Amino acid sequence: MKHTILGAGGSIGNALTHVLLKNGEAVRLLSRNIHPIEGTEYLKGDLTSYADTLEGVKQSDIVYLCVGLPYDTKIWKERWPKIIRNTMDACKEVGAKLIFFDNVYMYGKVDGIMTEKTAHHPISRKGEVRAEISKLLEEEMKKDDLDVIIARAADLYGPFGTPATSIPYMMVPDRLMHGKAAQWMADVNQPHSYTYIPDCAEGLYLLAKEDTAWNQIWHLPTHSPAIDGKTFIDLAAREIGVEPKYTTLTKSLMRFGKLFNKIAREAYEMLYQNEYPYHFDSSKFNRHFNYVPVNYEEGIRKTIQWINQNKGR
1 MKHTILGAGG SIGNALTHVL LKNGEAVRLL SRNIHPIEGT EYLKGDLTSY ADTLEGVKQS
61 DIVYLCVGLP YDTKIWKERW PKIIRNTMDA CKEVGAKLIF FDNVYMYGKV DGIMTEKTAH
121 HPISRKGEVR AEISKLLEEE MKKDDLDVII ARAADLYGPF GTPATSIPYM MVPDRLMHGK
181 AAQWMADVNQ PHSYTYIPDC AEGLYLLAKE DTAWNQIWHL PTHSPAIDGK TFIDLAAREI
241 GVEPKYTTLT KSLMRFGKLF NKIAREAYEM LYQNEYPYHF DSSKFNRHFN YVPVNYEEGI
301 RKTIQWINQN KGR
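With my numbering, letter number 208 in the sequence shown gets 208, and the count goes up by one each step, no holes.
Bear in mind the hints are in silico, worked out from the structure with no lab data behind them. A portion of the hints provided could be inaccurate.
Claimed, not checked - Straight-line distance between alpha carbons at most 30 angstroms, and here's what the computed BS3-like set of lysine-lysine pairs gives: (1) 22 with 284; (2) 230 with 209; (3) 245 with 117.
Claimed, not checked - Between beta-carbon pairs, the in silico distance windows are: (4) 170 with 252: 46 to 52 angstroms; (5) 1 with 48: 24 to 30 angstroms; (6) 59 with 37: 15 to 21 angstroms; (7) 51 with 109: 39 to 45 angstroms; (8) 272 with 117: 17 to 23 angstroms; (9) 253 with 214: 41 to 47 angstroms.
Values in this document were obtained by computation on a predicted structure and should not be read as measured data. Glycine included, C-beta positions come from ideal geometry on N, C-alpha and C.
Make the full structure from the sequences, and use the hints.
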C-alpha cells in the first residue's frame with residue numbers, strides 16, 4: 001500500500017511521514033520545495049496544477065492532503081478551492097482514497113463544545129473559505145466515486161512544529177528560550193484546546209487503516225479539558241527553567257498593529273478564538289480507537305525536549 005502526502009513540508013506532513021515509516025509503509029512526498037527524507041519517494045509539484053497533482057497521486061492507495069498555505073486570505077480564496085478540486089479529481093482518476101487535514105475555522109464562534117456535528121457558522125473570511133472547501137468534500141462523501149475523510153484538529157503544538165507553523169510555539173517556548181517574555185493573544189485566562197502534533201499524525205494513520213472510518217468527519221485526538229494560556233506558559237517556563245513572564249496582545253493592540261503588520265492584520269479576524277472558551281471534543285475518535293491523547297504537561301515537556309534536540313538542524 002502506498003501512502004502519499006501532498007504538502008509534505010509542514011509540521012503535520014513531517015510528523016505523518018515519521019509515523020508511516022515507523023510502520024513500514026511505502027511513502028511518497030510531494031511539496032513545492034523538496035525536502036528529501038530517507039526511505040521516501042519525493043516529488044516537487046504545485047497542487048494548483050492538475051498535471052502536478054495527478055503525477056503526485058499516481059499509484060497511490062491513500063492520499064493525505066496536508067497543505068499549509070501562507071496565512072493570507074487572498075491566497076486562500078484563490079488557491080484552496082482549486083487545490084481541493086484538483087486533488088479530488090486526481091484521486092478519482094487513479095482510484096485513491098483521500099484524507100483531508102482540516103482546522104475548525106468554519107465553525108466560527110461556538111458557545112459550547114466543538115464536535116463533528118457542529119454547524120458551520122464562520123465569522124471570518126478564512127472561515128468562509130474553509131466552509132466552502134468543506135462543503136465540496138462533504139458533497140463528495142455522498143457519492144460513490146471517491147472515499148473521503150475530513151480529519152480536523154484544534155490549534156497545533158508539539159514536536160515537528162516551528163515558529164512558522166505553530167502560533168503557540170512562536171509565542172511561548174521560542175520566546176522564552178531566547179530570553180524574552182512569552183506572548184498571548186487576547187485573554188490569557190480563557191480555556192483553549194490544542195492538538196498535539198504527534199497525536200495528529202498517529203490519528204491520521206489510524207483513520208487511513210480503518211475501513212469503517214471513511215466518508216465521515218473526525219476530530220483528531222486532543223486532550224480534554226482545555227488549558228488556559230497562563231497554565232500553558234507556566235508549564236513551558238518550568239520545563240525551560242525560566243520565569244513565566246508574559247505580555248498580552250490585547251484586541252486594541254492587535255487592531256493598531258494590523259495597520260502596520262501583515263501577520264497581525266491576518267490574525268486579527270481570528271482573535272475570537274482567544275477571546276472566548278475554545279473547547280474541541282475528540283471523544284468520537286478516542287472511543288473508536290481506544291486512544292488516550294497526550295496531556296498538556298507531557299506534551300509541553302516533549303515539545304521542549306524536541307526543540308532542544310533539534311537546535312541548528
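Evaluation of the provided hints:
no., hint, in the structure
1, 22 with 284, "holds, 25 angstroms"
2, 230 with 209, "violated, 38 angstroms"
3, 245 with 117, "violated, 38 angstroms"
4, 170 with 252: 46 to 52 angstroms, "violated, 21 angstroms"
5, 1 with 48: 24 to 30 angstroms, "holds, 27 angstroms"
6, 59 with 37: 15 to 21 angstroms, "holds, 19 angstroms"
7, 51 with 109: 39 to 45 angstroms, "holds, 40 angstroms"
8, 272 with 117: 17 to 23 angstroms, "holds, 21 angstroms"
9, 253 with 214: 41 to 47 angstroms, "holds, 45 angstroms"
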